[in-house]
Amino acid sequence: MKKVVSLLLVSALLIGALSACKRNEPEPEPAPPEPVTPTYDYQDGEYAVSYAVPALDRTLDYLTISIKNDEITIVEAGCKEDVSLPAPSEETSGDAASAPTEPAAPSEPASSEAAPAGESEYEAKANAQMKDIVAEYEAVEGDLERMEPVEGAEEHTYRFMRMMRTALKFAKAGDHTPVELGKYEDGSYEAVMPSFSASGWKDYVRLTVKDGLITDIDFNAQKESNPSVLITDDPDLNKEGATDSPSVYYPAIAKAFTDSNENLDSLSVPTGGAAAAKSFQKLMKPLLASMISGGGTQVTAPRYVDGTYKAQMKEFDEHGWKDYVVVQIRNDKVSVKEFDAVSKEDENKLKSQDAEMAAQMEEKTGTGPEAYTKELRSNLDAAGGDPVEMDTVAGATVSSNNFRLLVGQILATAAVNGDTEKTLEVESFPADLGPAEEEASSSSEAAA
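Every letter in the sequence shown is one number past the one before it in numbering that gives the first Met the number 0, and letter 328, counting from 1, is 327.
Wrong hints could be hidden among the right ones.
Pairwise CB distance ranges, derived in the manner of DEER restraints [as the list claims (entries may be wrong)]:
#, residue 1, residue 2, range
1, 347, 75, 52 to 60 Å
2, 215, 314, 49 to 57 Å
3, 174, 420, 48 to 56 Å
4, 134, 268, 54 to 62 Å
5, 237, 197, 18 to 26 Å
6, 352, 185, 55 to 63 Å
7, 68, 416, 48 to 56 Å
8, 416, 332, 12 to 20 Å
Calculated cross-link-like contacts (lysine-lysine; reagent style BS3-like; alpha-carbon spacing at most 30 Å) [unchecked claim]:
#, residue 1, residue 2
9, 201, 168
10, 67, 79
11, 209, 168
12, 313, 373
13, 79, 209
14, 313, 336
15, 363, 373
16, 421, 332
I should point out that these hints are in silico values taken from the structure, not numbers from a laboratory.
Glycine is no exception: its CB is placed at the ideal position from the N, C-alpha and C atoms.
Using the sequences and the hints, build the whole thing.
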């Protein structure tokens, strides 16, 4: 028995000794991590893109970028005059077909200031614009979807965007072949109105671009109650033998566009087609921008035409004030620049400048012109630019309603068609149509 116990003790001691040895051994070092190979979207190198067709200002855009580990550097971006074109003094309206159409306002004529050495006046102006375009590109950190067209250089902005898109496409494939671009990006395009008109029609333009040129174009409208019915086929609108029906002026407008070298500013308007021509321009401006810039092929026209609009009440109110509003629209965003009223006694005097009246109104209603104008702007923004949905300002119901009327009339008429030249005259609500709450507030506000 003693021998067995001794053997057990010896075994325990041996096991303990072995364990102690293991504890004293250093831990093995972990295996080094596998090296991570970086992945890049683009292949390194230089990529050059240029235009083979001049812009409206006679210049050919060009761009070269360099890529290293997906870092994009603009090596050069500029414009050179197409000297193959006839001198401007020799061009006639019919000869202008060599210049592509700008989707927005065309660039102004070249500056009369002396051009830098080695540059023509056209090149100097275009290259100055290109610097602004590159600055815009850098400001949005190279995000082409966020780029805004540089004012006065819209066409060159869109051409720059297309050159950059093309360069990056070739960089993905590692193809360093220099690329020459045609007038437009090839594809099948469609532009539609955002909604049906009051008469129940929705205009559209469909066209095809092949080898940089428009090969066919269709301008028409679908019926709200039956989309299979086109306005050019509607028997109620197209009487036999009529020369001013949609079946005549819709295709005539499309033909006038192609005959004018796709220049919207030179678009002739056929008899009876004034409204349709405005609709065509509204559709084609964003579509041309997309065709030139290499953007999407499906476009919804903006609801409103960019610009500054003014509307005023038709008559002075019983206290000698006439409200007016100035609205600016850009990319369908409505911004109120001014809301005020002029005095009947002195039309150079504004309600916002009448400190005595403002003090009286604030005492009676708790608000005044400066305060309620600020709140009306805020309420319109909160309603997404919809004057019908915006809240009334407490203590300024009359002004709130006039504000709604004025802004609403601009959005319903002038802004839809781009009529920025004239001031709209708006009728006030008949007194007997206003609710009791409005009448009570009106008396307090008017008394002020």
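Self-check item: Assessment of proposed distance window 55 to 63 Å (beta carbons of residue 352, residue 185)
Solution: holds (58 Å)
Quiz prompt | Pairwise hint evaluation, residue 373 against residue 363, where the allowed Cα distance is 30 Å at most | solution = Since the Cα atoms of residue 363 and residue 373 sit roughly 19 Å apart, the hinted pair holds (cutoff 30 Å).
Quiz item: CB of residue 134 to CB of residue 268, is that within 54 to 62 Å?
Solution: violated (38 Å)
Quiz item: CB of residue 68 to CB of residue 416, is that within 48 to 56 Å?
Solution: Since the Cβ atoms of residue 68 and residue 416 sit about 51 Å apart, the hinted range of 48 to 56 Å holds.
Practice problem: Mind checking the alpha carbons of residue 313 and residue 373 for me, to see if they're no more than 30 Å apart? | Solution: Given that 30 Å is the threshold and the Cα spacing comes to 24 Å, the pair holds.
Quiz prompt | residue 421 paired with residue 332 [C-alpha distance capped at 30 Å] | solution = Roughly 21 Å separates the two Cα atoms, so the pair holds.
Quiz item: Between residue 237 and residue 197, does the beta-carbon spacing fit 18 to 26 Å?
Solution: holds (20 Å)
Practice problem: Take a look at whether the Cβ-Cβ distance between residue 215 and residue 314 falls inside 49 to 57 Å. | Solution: holds (52 Å)
Quiz item: Does the Cβ pair residue 416, residue 332 satisfy 12 to 20 Å?
Solution: Check passed, 18 Å falls within 12 to 20 Å.
Quiz item: CA of residue 209 to CA of residue 168, is that 30 Å or under?
Solution: holds (19 Å)
Self-check item: Given hint residue 168 paired with residue 201 - CA-CA distance at most 30 Å
Solution: violated (36 Å)
Exercise. For the pair supplied as a hint, residue 67 and residue 79, confirm whether the alpha-carbon distance does not exceed 30 Å.
Key: holds (28 Å)
Going down the numbered hints, you'll see the structure goes against 4 and 9, while the others check out.
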